[in-house]
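Colleague: Sequence:
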Amino acid sequence: MGRKIPRKKHRGVKDPYKQQEERFNKIKNKLNAKPESTESQEIPRRLQNIAKFNSVISRKGLPMKKRKKEKLKNNTLIDGRKYVDREKELPGMTRPTKLVPLLQQHPKETYKKFLKRVDRVTHEIIKEADFEKKFKVEVKRDERGQVVAVQHQEKIDPLLSDKQKEDLVEREEKKKAARRTLRCLDLSGCHNMVGQDCSSHSSIALLLYGHPQIW
Numbered sequence: 000m001g002r003k004i005p006r007k008k009h010r011g012v013k014d015p016y017k018q019q020e021e022r023f024n025k026i027k028n029k030l031n032a033k034p035e036s037t038e039s040q041e042i043p044r045r046l047q048n049i050a051k052f053n054s055v056i057s058r059k060g061l062p063m064k065k066r067k068k069e070k071l072k073n074n075t076l077i078d079g080r081k082y083v084d085r086e087k088e089l090p091g092m093t094r095p096t097k098l099v100p101l102l103q104q105h106p107k108e109t110y111k112k113f114l115k116r117v118d119r120v121t122h123e124i125i126k127e128a129d130f131e132k133k134f135k136v137e138v139k140r141d142e143r144g145q146v147v148a149v150q151h152q153e154k155i156d157p158l159l160s161d162k163q164k165e166d167l168v169e170r171e172e173k174k175k176a177a178r179r180t181l182r183c184l185d186l187s188g189c190h191n192m193v194g195q196d197c198s199s200h201s202s203i204a205l206l207l208y209g210h211p212q213i214w
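Residue numbering for the sequence shown follows numbering that gives the first Met the number 0, starting at 0 and increasing by one per position.
No lab work stands behind these hints: they were computed from the structure.
Some hints could be false.
What the hints assert, rightly or not - No more than 27 Å apart at the CA atoms, straight line, and that leaves these computed lysine-lysine pairs for DSS-like:
1) Lys115 with Lys81
2) Lys139 with Lys115
3) Lys135 with Lys175
Stated by the list, open to error - Quick list of simulated restraints, FRET-style, between CB atoms:
4) Gln152 with Leu101: 45 to 55 Å
5) Gln103 with Ile56: 36 to 46 Å
6) Leu98 with Asp118: 53 to 63 Å
7) Glu127 with Arg80: 18 to 28 Å
8) Lys115 with Lys139: 18 to 28 Å
9) Asp166 with Leu98: 27 to 37 Å
In this text the structure is predicted, and so the values were computed from the model without any measurement.
Glycine is no exception: its CB is placed at the ideal position from the N, C-alpha and C atoms.
Using the sequences and the hints given, assemble the complete structure.
Modeller: The following block contains the structure:
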């Protein structure tokens with residue numbers, strides 16, 4: 000361990016008012032007093048710095064450090080048109096790929112500002128997709144991102160094949176025809192009939208519910 004540093008011993012009780020008076024007597028001739036001689040008076044350092052600064056400005060102008068700006072070349076600018084054909088329909092997709100505006104970096108636009116613009120447009124596209132899902136509509140945009148039209152979504156999945164679309168339409172028509180037939184039938188009379196053939200009703204129920212109903 001290091002040696003113990005000796006401290007000044009406080010011998011006796013010292014009067015604080017007397018100590019304050021002693022300190023004041025040391026500097027009382029320097030406070031608010033006229034200089035003994037104007038020729039021997041020293042110029043403060045801050046005043047010397049101000050005079051030096053003014054002389055530099057008068058000779059060369061205001062010395063300011065110019066920040067070097069990165070010059071963006073045309074071949075280094077990011078262009079969104081290069082990535083249009085890379086978006087393909089993947090298995091399991093229920094809707095086609097949403098058309099995103101083709102963003103291109105401006106000549107004097109920094110990389111950071113361009114990314115902020117991309118982020119802002121991406122959030123707008125996500126909100127638009129939620130709007131389409133909520134109200135079951137489809138917003139049509141052009142390549143510049145301008146809204147062209149707003150129309151209802153198709154009931155048939157656009158990604159289905161032609162045969163699947165035809166089968167779906169045929170199935171929907173059969174269901175509609177069965178519903179119309181059921182409305183025309185007197186179901187209460189059919190319930191009172193005992194021992195009669197209700198095969199037609201069973202076939203209609205098979206189309207609607209997937210299994211024959213017992214009347």
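Colleague: Hint by hint, work out which the structure violates, then give me just those numbers in ascending order.
Modeller: 4, 6
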